[in-house]
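There are 2 protein chains.
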Amino acid sequence: MIDMQDFEKVELKVGKVLSVEDHPNADKLMVMRVDVGEEQPRILVVGLKGHYANEELEGKLIVVVTNLEPVRLRGVESRGMLLAAQEGDNVVVLTLDRPIAPGSPVL
Amino acid sequence: MIDMQDFEKVELKVGKVLSVEDHPNADKLMVMRVDVGEEQPRILVVGLKGHYANEELEGKLIVVVTNLEPVRLRGVESRGMLLAAQEGDNVVVLTLDRPIAPGSPVL
Chain D
1 MIDMQDFEKV
11 ELKVGKVLSV
21 EDHPNADKLM
31 VMRVDVGEEQ
41 PRILVVGLKG
51 HYANEELEGK
61 LIVVVTNLEP
71 VRLRGVESRG
81 MLLAAQEGDN
91 VVVLTLDRPI
101 APGSPVL
Chain Y
1 MIDMQDFEKV
11 ELKVGKVLSV
21 EDHPNADKLM
31 VMRVDVGEEQ
41 PRILVVGLKG
51 HYANEELEGK
61 LIVVVTNLEP
71 VRLRGVESRG
81 MLLAAQEGDN
91 VVVLTLDRPI
101 APGSPVL
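Protein chains in written order, with our numbering: chain D, 1 to 107; chain Y, 1 to 107.
Heads up, a few of these hints could be off.
Given that identical chains are not distinguished, each listed pair holds provided it fits within a single copy or across any two copies.
To be verified - In silico lysine to aspartate or glutamate, DMTMM-like type, Cα no more than 20 Å apart, as pairs:
#1 Lys49 with Asp22
#2 Lys9 with Glu69
#3 Lys60 with Glu38
#4 Lys9 with Glu39
#5 Lys49 with Glu8
In case anyone wonders, no lab produced these hints; they're calculated from the structure.
Chain D extracted, bound-state conformation (with noise of 0.2 Å):
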C-alpha cells in the first residue's frame, strides 16, 4: 500500500506523438518525438514493435512519466517512459477518451 504521497511522486502528463522512426541499433525499438507540453519534444525510446506500426502512433495522446531520471537505450537517451498495459503477447498504449492539450497533468 501507497498514500498520496507516493502517487504525486510520479509526474503523469499528455503526451502528442510527433513522429516515430526505427531506433537504428536495436530491433524492437522505435524512437518517438512527443510534445509533452513543453519548448522542445522529448525522445522517447519505446519498445512497440510487433504490437503497433510506426504509422499508428503518429499523432496519438499517449501518457508519459516525465520526472524518471533519462536512460539511454542502445545508444538513444530516453527522456521519458510511455505507459502501456500487457496481457501476455498484447500490448495496449494508454490514451485518452477525449482530446485535450499536449502537456496536461493526469492525476
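Here the structure of chain D is known, so what remains is to put chain Y in place on it, guided by the hints.
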C-alpha cells in the same frame, strides 16, 4: 526526478467500469463499481460530475491506481483512484487504445 523503483511502487491496472451511480451525499461525486481483475469489483468514488454522464462511463476501460490506501469520501469508501487528465475545466479520463483484459498491469 525519480527512479524506476519509485515508479514501480505505484500499482496501475486496467479497470472496466461495470456501473456508475450518483453519490448519495455529494453532488459532484459518482460511485463506480470497477472490475480490476479481482474476485470482487472495487468501489471507486470519482469526481467526474459535469464532465461525464454516468452512462457514458459504463463499459469503458479506465486506468486505476490499485494500491492506494482506501479513503472515505462523504461516507463512501473508495478503494482505488481513476486516472484522468485535466486542462482547466476540461477533464478527460485515461483509457486504452485497444481492448485488453481488466486487471492487466500498466507499465
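Consistency of the hints with the structure:
1. Lys49 with Asp22: Classified as within; 9 Å inside a copy, 42 Å across copies.
2. Lys9 with Glu69: both (13 Å within a copy, 16 Å between copies)
3. Lys60 with Glu38: within (17 Å within a copy, 30 Å between copies)
4. Lys9 with Glu39: So Lys9 and Glu39 fail the 20 Å test inside a copy (23 Å) and across (30 Å) alike.
5. Lys49 with Glu8: neither (31 Å within a copy, 23 Å between copies)
In terms of the numbered hints stated before, the structure departs from hints 4, 5, listed from lowest to highest.
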